[in-house]
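Trainee: Let's have the full structure, built from the sequences with the hints guiding it.
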Amino acid sequence: MKTAQEMKPNSVALIDGQPWLIQKAEFTKSGRNSAIVKMKLKNLINGSKTETVYKADDKMEPVILERKEVNLSYISGEDYVFMDPEYNSYELRAEDLESVLPFIEEGMNDICEAVFFEGKVISVDLPTTIVRQLAYTEASARGDTSGKVMKPAKLNNGTEVKVADFCEIGDWIEIDTRTGEYKSRAKAPA
Amino acid sequence: MRWDIFCRVVDNYGDIGVTWRLARQLVAEQGAKVRLWVDDLAALARICPQADVDSDCQLLSGVEVRYWAQAWQAVEPADVVIEAFACELPTEYVAAMAAREAPVLWLNLEYLSAESWVEGCHGLPSMQGNGLQKFFFFPGFTAGTGGLLRESGLLAARDRLQGGAGARIEFLGSLVISPVAGARLISLFAYENAALAGWLDALAGADTPTHLLVPEGRILGDLQRWAGSPLMLGEVMQRGALSVQLLPFMQQEQYDALLWCCDLNLVRGEDSFVRAQWAARPLVWHIYPQQEGAHWEKLEAFMALYCQGLSSEAEAALRAVWRAWNAGEGMAPAWAAWLQCADELVAHAHAWARRQAVYADLAAALVQFYRNWL
Numbered sequence: 056m057k058t059a060q061e062m063k064p065n066s067v068a069l070i071d072g073q074p075w076l077i078q079k080a081e082f083t084k085s086g087r088n089s090a091i092v093k094m095k096l097k098n099l100i101n102g103s104k105t106e107t108v109y110k111a112d113d114k115m116e117p118v119i120l121e122r123k124e125v126n127l128s129y130i131s132g133e134d135y136v137f138m139d140p141e142y143n144s145y146e147l148r149a150e151d152l153e154s155v156l157p158f159i160e161e162g163m164n165d166i167c168e169a170v171f172f173e174g175k176v177i178s179v180d181l182p183t184t185i186v187r188q189l190a191y192t193e194a195s196a197r198g199d200t201s202g203k204v205m206k207p208a209k210l211n212n213g214t215e216v217k218v219a220d221f222c223e224i225g226d227w228i229e230i231d232t233r234t235g236e237y238k239s240r241a242k243a244p245a
Numbered sequence: 032m033r034w035d036i037f038c039r040v041v042d043n044y045g046d047i048g049v050t051w052r053l054a055r056q057l058v059a060e061q062g063a064k065v066r067l068w069v070d071d072l073a074a075l076a077r078i079c080p081q082a083d084v085d086s087d088c089q090l091l092s093g094v095e096v097r098y099w100a101q102a103w104q105a106v107e108p109a110d111v112v113i114e115a116f117a118c119e120l121p122t123e124y125v126a127a128m129a130a131r132e133a134p135v136l137w138l139n140l141e142y143l144s145a146e147s148w149v150e151g152c153h154g155l156p157s158m159q160g161n162g163l164q165k166f167f168f169f170p171g172f173t174a175g176t177g178g179l180l181r182e183s184g185l186l187a188a189r190d191r192l193q194g195g196a197g198a199r200i201e202f203l204g205s206l207v208i209s210p211v212a213g214a215r216l217i218s219l220f221a222y223e224n225a226a227l228a229g230w231l232d233a234l235a236g237a238d239t240p241t242h243l244l245v246p247e248g249r250i251l252g253d254l255q256r257w258a259g260s261p262l263m264l265g266e267v268m269q270r271g272a273l274s275v276q277l278l279p280f281m282q283q284e285q286y287d288a289l290l291w292c293c294d295l296n297l298v299r300g301e302d303s304f305v306r307a308q309w310a311a312r313p314l315v316w317h318i319y320p321q322q323e324g325a326h327w328e329k330l331e332a333f334m335a336l337y338c339q340g341l342s343s344e345a346e347a348a349l350r351a352v353w354r355a356w357n358a359g360e361g362m363a364p365a366w367a368a369w370l371q372c373a374d375e376l377v378a379h380a381h382a383w384a385r386r387q388a389v390y391a392d393l394a395a396a397l398v399q400f401y402r403n404w405l
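Going down the list, the sequences are from chains A and B. Using our numbering, the first residue of the first sequence is number 56, and each one after it goes up by one. Using our numbering, the first residue of the second sequence is number 32, and each one after it goes up by one.
Don't take every hint at face value.
For lysine to any residue, the following SDA-like pairs were computed, each having C-alpha atoms within a straight-line distance of at most 20 Å [stated by the list, open to error]: (1) Lys79(A) <-> Leu155(B); (2) Lys93(A) <-> Ser147(B); (3) Lys57(A) <-> Gly160(B); (4) Lys104(A) <-> Pro156(B); (5) Lys95(A) <-> Ser147(B); (6) Lys238(A) <-> Phe221(A); (7) Lys95(A) <-> Phe333(B); (8) Lys84(A) <-> Phe333(B); (9) Lys93(A) <-> Phe166(B).
Source of the hints: derived by calculation from the structure; they are not laboratory data. Quick caveat, the model's predicted, so the values are computed rather than measured.
Mentor: Here it is, written out as structure tokens:
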């Protein structure tokens with residue numbers, strides 16, 4: 056058993072005998088040192104979705120999932136096609152990728168992990184750290200070089216992130232996909 | 032409509048204060064039959080002296096108060112079950128809920144917070160592993176939350192007391208309080224606070240007299256250190272322009288009326304914090320301190336909501352006092368700025384109470400939630 060707090064997006068919990076994919080999990084401290092986790096769940100048997108809340112220390116039964124390395128092959132509208140090293144392709148809808156969708160873009164070469172339940176692909180995990188290019192950000196307003204002052208920016212796929220004030224359009228940055236937060240400026244991927 | 036409310040007293044009087052008010056209101060205004068399960072009857076007896084700490088089952092204000100013993104005795108679950116502040120229900124009781132032919136509405140009554148995420152979580156289900164669903168019910172300050180506890184006659188009673196000098200004097204007299212002529216009347220209910228001494232010094236050195244009323248509580252140690260000697264209940268200690276009077280712990284209705292009588296109320300935690308808002312008088316909130324400073328976000332979230340409509344000067348003054356009080360830092364500069372904006376803060380406290388009164392109260396919202404669920 057794991058606590059609700061330990062269950063991460065793209066993991067599956069067995070609840071009342073039904074497998075539920077955790078598409079999103081938001082941890083929040085409530086009162087007097089207790090905490091809750093708000094989750095978006097998808098039933099892997101009937102496809103129904105629900106929003107739910109758990110106490111952070113509620114016990115959940117995790118399902119062991121098969122995983123396989125994949126790369127993004129192409130995007131066609133709402134369909135995202137990934138391919139494994141044996142050239143097997145796996146198609147997922149945007150709605151299946153909710154937790155990672157903001158960081159998926161054409162041309163990315165991150166080694167991802169496809170997640171399988173009973174032989175069927177159900178989602179994809181990104182690496183913890185990814186490198187993305189800034190498509191737009193305002194020029195530095197304060198000339199801060201410490202990295203503590205943040206400003207809004209947009210990635211090539213339109214996702215908004217907060218970056219250090221000294222970042223410029225065209226810069227490459229590292230992002231923590233668990234939190235969606237900027238980590239540092241980075242070199243362009245080879 | 033039968034309700035079981037479970038209250039585990041963790042510390043202080045917030046748990047029992049909120050559940051005791053809720054239980055009574057459900058009985059008095061919603062026609063509910065309520066069992067209140069309490070694991071610490073001594074805590075209840077502090078705010079309800081009629082409570083018998085040795086009784087496993089007693090009827091108080093129409094509420095069946097049950098001692099929540101460690102060894103659980105099987106009972107038939109009610110139609111609506113509230114676990115207050117995420118207290119864990121007895122395993123046997125949960126099993127009985129699952130086995131009950133008619134479904135039971137299971138609610139977790141959560142902590143009060145003004146943070147924006149509350150609206151997104153209020154009323155959401157939580158699937159349990161036994162076929163049961165539990166719903167998270169969040170009190171709050173906006174239409175998207177469960178509201179605040181507010182008895183139907185509360186504001187009218189407040190207005191009667193605040194509208195008549197005689198009624199105010201009579202009530203204060205019942206607590207053996209003779210307000211110092213021309214003095215600002217302040218109530219103080221707080222956790223231990225290093226900022227107290229500096230603030231009391233500022234009050235003592237002020238031109239305007241202050242009469243400070245301090246119900247027994249955790250701030251007493253700091254108060255006595257500042258006074259330099261033990262304070263006796265009821266006795267008035269004088270230093271400069273400041274008179275300090277220690278009051279006995281009182282029943283909830285008395286405390287409400289005390290808040291209504293004061294020009295400023297310093298309150299703490301959850302229950303007294305809400306009651307001070309209904310008093311429609313300026314307040315200073317000592318928030319429950321949490322690990323890793325998690326309470327600061329909650330404090331800032333409430334201030335952001337509460338300060339809407341204030342001038343920038345008054346907002347800055349309020350924020351400065353609240354932050355200094357909660358940080359245990361020197362209050363004198365912030366307090367001086369507060370006094371400059373005192374009139375605006377009074378008007379604002381009225382307006383805030385009026386705005387909050389538009390929303391359904393917590394008990395009514397719970398009943399409505401049950402009806403919708405049915």
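Trainee: Now tell me, hint by hint, if it's right for this structure.
Mentor: Checked hints:
For the proposed pair Lys79(A) and Leu155(B), the alpha carbon gap of about 15 Å is at most 20 Å, so the pair holds. The suggested pairing of Lys93(A) with Ser147(B) holds, with an alpha-carbon distance near 13 Å, which does not exceed 20 Å. Among the hinted pairs, Lys57(A) with Gly160(B) is consistent with the structure: their alpha-carbon atoms are about 13 Å apart, no more than 20 Å. In summary, the hint linking Lys104(A) to Pro156(B) is supported, as the alpha carbons are separated by about 12 Å, within the 20 Å threshold.
Restraint check for Lys95(A) and Ser147(B): satisfied, since their Cα atoms lie roughly 18 Å apart, inside the 20 Å limit. About 13 Å separates the Cα atoms of Lys238(A) and Phe221(A), which keeps this hinted pair within 20 Å; it holds. Using a Cα cut-off of 20 Å, the hinted pair Lys95(A) and Phe333(B) is violated, with the two alpha carbons roughly 27 Å apart. A distance of roughly 15 Å separates the Cα atoms of Lys84(A) and Phe333(B); the hinted pair therefore holds under the 20 Å criterion.
Pair hint Lys93(A) plus Phe166(B) holds up; C-alpha atoms about 12 Å apart against a cutoff of 20 Å.
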